[in-house]
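> Can you make the complete structure from the sequences, with help from the hints?
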Amino acid sequence: MLHEIDGGLEWHGGHQVVRVEPWGSGSVRVRAGLSGLREDIPGALGERPPADASIRIDGTVARLANGAVTVELSDAGLLRFLRSGSGEELLAEQRAHFWWPGSRVFTSTGNGYYRIDQHFASYGGERFLGLGQHTHGLLDQKGGVIDLVQRNAEVTIPFLVSSRGYGLLWNSPAVGRVELAENGTRWTSDSARQIDYWVTAGEGPAEILENYADATGHAPMLPEWASGFWQCKLRYKTQDELMAVAREYHRRGLPLSVIVSDFFHWTHLGDWRFDPAEWPDPAAMVEELREMGTELMVSVWPSVSPLSENYREMMNRGLLVATEQGPPVHADWADKGVDTKIQVSFYDPTNPAARSYLWKRIRDNYHSLGIRVWWLDACEPEIKPGHPANLRYHTGPGAEVGNIYPAEHARGFYEGMRAEGETEIITLCRSAWAGSQRYGAALWSGDIPATFDSLRTQVRAGLNVAMSGIPWWTTDIGGFHGGDQDSPEYRELLVRWFQYGVFCPLLRLHGFREPFVDHLHPEMTGGPNEIWSYGEEVYELLKELLFLRERLRPYVMEQMRLAHERGLPPMRPLCVDFPDDERAWDVDDAFLFGPDVLVAPVTEYGCRERDVYLPEGARWRDPWRDQTHPGGTVVRLPAPLDRVPVLLRDDADLPLEPTGS
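In this note's numbering, the protein residues as written are 1 to 661.
Hint data in this document are derived by calculation from the structure and do not stem from the laboratory. Among the hints, a few may not be true.
[To be verified] Taking CB as the label site, the calculated pair distances span:
(1) Glu313 x Gly370: 22 to 28 Å
(2) Pro623 x Ser84: 24 to 30 Å
(3) Asn111 x Glu558: 49 to 55 Å
(4) Ser84 x Gly606: 48 to 54 Å
(5) Gly370 x Gly36: 48 to 54 Å
(6) Asp580 x Asp332: 26 to 32 Å
Note that beta-carbon positions come from the ideal geometry of N, C-alpha and C, so glycine has one too.
Rendered as structure tokens:
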């Protein structure tokens, strides 16, 4: 049965109900459940925005037109999404079987919860970009099976952009998967209560990303100081060690925007304060750093040791994540004062009281010292073993809501900073979910290997993050796990990775370098990781790259303004600016940094030249040789170790070469 409800459509068939509503420019939201629909399941969409939609019911078919998208809902409960102007089919639900059970399958898992499958048709030649950050090394994920679960370096953001001209947000934080097969697309939630997804249409990926930002939240304006160089290693063990590094950067006249105090700077995990034995005067440290033009970022973990001064109160007040079975502990980890790992718990950011409790500790122990940059590490959360279904959050079972954890964690810091009158807010997060960008969350790619293969993977992972609505992204330059300072191959990898990092939204050097000391122990640290740590030749190359980033910072901030206002990511695949160029959709080893810079990073050891496809519809100038090439062609560019292959679009003029050269 079809009928109109409050500006939308609703269909009832047996116990199943489907609701379709206009939801922003050229966009619609679809919800489906058994018997009724719930309003208490968290998601990324806020209040329904106004829309000028039209509805018509003609016998067995109802149509809702909202800007660029028109939805057809049949009396069998099947949905088709069409381009309003041409009537072209963008996407259609597909039956799981010709007579039963339709396109939506609810299989009971007990107590009112279901394994839910949503089926859509497959289309030949369709490409899928987005879906967060993964280590599979793919840009186009057609043919892939992508787990919808948060893990270190595997970040679930269930939003994809199709080459057919639509975007789809699976607006459910449930654990599951999406299968992008040749014979159909299937979204699955392992245990949930209803289906919720959002579809938008646009002339190209840029318009789709803009609609997505309108629906899930725009990133704030990036603070200008954050567009420079971030120095980090695992780890500076004391205030004196960190300050010695910062002073050396200053003495050498090197730009340094941020330096990081990593984990184990605390007394106990979950105390959220400096250990005075190692960090005796952090207020003075913050003041001196700021006088040098450098911000201090501190690592904040969401885990709480039973040795922490906060553990008992948080446990008694129900501020820690509960478990369905067994004691409420979620991982084994090291802590100070013990010689072995102990069982620790994670706080529950889906509980407003828990977010408030944590922020008060952060405010009193860090923000009061002048610290305003936060590193939210292990915020998947990093449970061991990885059984999210055994967790119970304030907002529901882990299987149904667990993927939202990193977004709610970032929300607590954003709201806390705003309450303190802060307007420049950025958190560096190891995981994210749909809507994380509105809380000032910058994502980095997790604990990745220090190899050329890993660098190649980062190029594609970063572009998919950009297509997932997260404009602030970075990697551990040089990789996290490993890195031999005396290895010629590793030194070359570091240079090539740094060249790539200069053209990433955030430029950050980090890693657990050799020689390692006591893995996962409070004394844990790695070898030096400053730009002068790899020999004079590498130092000179990295120093010049630092100053290249400095010259580019006005351009970077122009792109950050567009990210804030329109949701357009600074680093993006070629197809965003050239959607009508079929070949641009297939390029996965080069990208645009803003509209004017085509970057072709070198990701092979010993490579000294490489081929680059130039998108059709523009002219491309090689600034190093002052040669101009037409679009729609492949050119071979020199790639000596002191140069990253980049080209400038049309008449763009950016300061790539050193002043006076």
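> Need the list of violated hint numbers for this structure, in ascending order.
2, 6
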